[in-house]
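Visitor: Start from the sequences and build out the full structure, keeping to the hints where you can.
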Amino acid sequence: MTILIDTNLLMAIDQFHIDVFSEIERIAGKPEILDKSIDELKKLAAKKDKHGKAALLVLKIITAKKITIVKTTSDLETDDILVQYSEQGSVVATQDRELQKRLKKPYIVMRSRNHLELVE
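Residues in the sequence shown are numbered consecutively from 597, following this note's numbering.
Just so you know, the hints here were simulated from the structure itself, not pulled from any lab data. None of the hints are false.
No more than 25 Å apart at the CA atoms, straight line, and that leaves these computed lysine-lysine pairs for PhoX-like:
1. 656 to 643
2. 626 to 638
3. 626 to 697
4. 639 to 656
5. 644 to 656
6. 661 to 646
7. 667 to 638
8. 639 to 662
9. 656 to 626
10. 638 to 656
11. 661 to 649
12. 626 to 662
13. 701 to 626
14. 638 to 661
15. 700 to 626
16. 626 to 661
17. 638 to 662
18. 667 to 639
19. 649 to 662
20. 626 to 667
21. 667 to 701
22. 649 to 639
23. 700 to 667
24. 643 to 661
25. 649 to 638
26. 646 to 656
27. 656 to 667
28. 661 to 639
Guide: Here it is, written out as C-alpha cells:
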C-alpha cells in the first residue's frame, strides 16, 4: 500500500514537533512523498521566514530518512494528483480539511496535535 504525505502535514513536523514518518509507519507502512510536494517545500525553504526554516528542516529530515520520492508527470495541482492516487487505492496523509473531503477513505489525519490516525 502506498502512503503519500501532503505538504501541509510535512510542515507539522516543525510546528507540532511530531515524527510524522514514524507515526505513518506505525499506522500503515512506509511513507512516500510526491515530487511536487518536494518542489513546494523548496519554494517555501527559499523564504527567510519561519515557514522557510520549517521547510528546510523538513527537507533535511526527508533526505536523512531516505524517504521515497514519487515522480509525477501530470500538470495537475498537487492536491488533484493526491486525489487521483487516493482513487487508485493509495492512502494520503494530510491536515488539509478541503482535501480530506475529496479523498477516498482510508486516509490519515493528525489528532490532538500529537499523533496520526487512520480514518476509514
